[in-house]
Amino acid sequence: MSVYELNSPLPDSVTDSALAALHRWARERPTQIALRHRRLGLWKAWRWIDVQREVERVCDGLRQQGFAPGARLALSGAFEPSLLILALAARQLGGHSVVIDRDSRGEDLQRQLRLVRPAFAFVQRRESVSHWLQCGLDEAWPLQLYSAQVNAASRGLWQVQSLSVLFVTEAPTAQRQGWAQVAGDAVVWVDEGTEWRDGLTHVFSRWLEGGEGLAFPETCESASRDRCEIAPTALLLSAARVESLAAEIEARLPLPGSWRRHLCEWTLDDPRRGLRRWLKARVRHLLGFQRLRRIEVPSAPADAVRQGPAWLQQYLERAA
Numbered sequence: 001m002s003v004y005e006l007n008s009p010l011p012d013s014v015t016d017s018a019l020a021a022l023h024r025w026a027r028e029r030p031t032q033i034a035l036r037h038r039r040l041g042l043w044k045a046w047r048w049i050d051v052q053r054e055v056e057r058v059c060d061g062l063r064q065q066g067f068a069p070g071a072r073l074a075l076s077g078a079f080e081p082s083l084l085i086l087a088l089a090a091r092q093l094g095g096h097s098v099v100i101d102r103d104s105r106g107e108d109l110q111r112q113l114r115l116v117r118p119a120f121a122f123v124q125r126r127e128s129v130s131h132w133l134q135c136g137l138d139e140a141w142p143l144q145l146y147s148a149q150v151n152a153a154s155r156g157l158w159q160v161q162s163l164s165v166l167f168v169t170e171a172p173t174a175q176r177q178g179w180a181q182v183a184g185d186a187v188v189w190v191d192e193g194t195e196w197r198d199g200l201t202h203v204f205s206r207w208l209e210g211g212e213g214l215a216f217p218e219t220c221e222s223a224s225r226d227r228c229e230i231a232p233t234a235l236l237l238s239a240a241r242v243e244s245l246a247a248e249i250e251a252r253l254p255l256p257g258s259w260r261r262h263l264c265e266w267t268l269d270d271p272r273r274g275l276r277r278w279l280k281a282r283v284r285h286l287l288g289f290q291r292l293r294r295i296e297v298p299s300a301p302a303d304a305v306r307q308g309p310a311w312l313q314q315y316l317e318r319a320a
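Per the UniProt record's numbering, the sequence shown runs over residues 1 to 320.
Treat the hints as calculated values from the structure; they're not laboratory data. Bear in mind that the values here come from a model prediction, so they are computed numbers and not experimental data. Heads up, a few of these hints could be off.
Stated by the list, open to error - Below, computed lysine to any residue pairings styled on SDA-like, alpha-carbon distance capped at 25 Å:
id	residue 1	residue 2
1	K44	Q32
2	K44	L292
3	K44	Q149
4	K44	L19
As the list claims (entries may be wrong) - Simulated restraints on C-beta separations:
id	residue 1	residue 2	range
5	P30	Q159	30 to 40 Å
6	R39	E248	20 to 30 Å
7	S130	K44	45 to 55 Å
8	E221	A246	15 to 25 Å
9	S154	L42	27 to 37 Å
Backbone N, C-alpha and C fix where the C-beta goes; we use that ideal spot for every residue, glycine too.
Using the sequences and the accompanying hints, generate a full structural model.
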């Protein structure tokens, strides 16, 4: 570990301006859908007013668990509503949120945790909780660890509890708004996790500055199917995810050298008319791109964006 790492300030993923923006959208667009997430095969939706109320609920739960101003909350997992709400609640209580790579284990996980030394943590998956408990730091400092997939347990100074203990007050009334009613809304697709170091900062900036809704897949494995069902108007991606999306598209296209592949490439030469236009629309629909207007890659160099895959090039943007 370098001296720089020991003395450099820890980045905070949430700012006071993010909280102000949340209150603004809850006031100006209370019934508009702010978050969508597929859970156990069903799409769930949170309106802006619901997000604000959920943040207040988690604030109450964190207070009861001893969360105080200046406390550090570590977040590890896929970006989804619970993780965002926890980060906002921690900021509202005067604390700080930091991300831990969800794929870390062993010495790498130890290094990240020693640098951050969180007093609270949200670890999304049961397997990741096991890696945390086996990293050998459970006697180094006290930690309250929450996960939706585990039962209460303890190891050394570390306490593991169900995430539900943080939601201590009555939940907002479930909304049964039909998807047809919001099918035309702008929505930004996010299929990322805490392995994207600056990702949470970009997600909050994109979501709260513009007030467009976000949508998240149930799992990485279901992401392609879930994206097709939502048909987002924008994608927010890391540079690494652009590469994996390009690989997904390549896997769905016909084999290189085949006449079908030549036909797909032919459509890109001039896709504005006739059969080419129809073929391109068909491919867009299969990818869930029928409403897509742009792909934002805020962490990628401009040259890398300009050299993106052919089927993504027209959508790619580099955020300022």
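To see whether the hints hold, each was checked on the structure:
Under the criterion of a C-alpha separation no larger than 25 Å, the hint pairing K44 with Q32 is consistent with the structure, at around 14 Å. Under the criterion of a C-alpha separation no larger than 25 Å, the hint pairing K44 with L292 is consistent with the structure, at around 22 Å. Simply put, K44 and Q149 have alpha-carbon atoms about 18 Å apart, close enough for the 25 Å limit, and the pair holds. Under the criterion of a C-alpha separation no larger than 25 Å, the hint pairing K44 with L19 is consistent with the structure, at around 23 Å.
With their beta carbons about 37 Å apart, P30 and Q159 fall inside the hinted range of 30 to 40 Å. At about 23 Å, the beta-carbon gap between R39 and E248 stays in the expected band of 20 to 30 Å. As the Cβ distance of S130 to K44 is approximately 27 Å, the hint placing it in 45 to 55 Å is violated. For E221 and A246, the hinted distance range of 15 to 25 Å is satisfied, since their beta carbons lie about 18 Å from each other.
S154 and L42 have their C-beta atoms about 33 Å apart, which keeps the hinted 27 to 37 Å range intact.
Comparing the model with each numbered hint stated earlier shows that hint 7 is the single one that does not hold.
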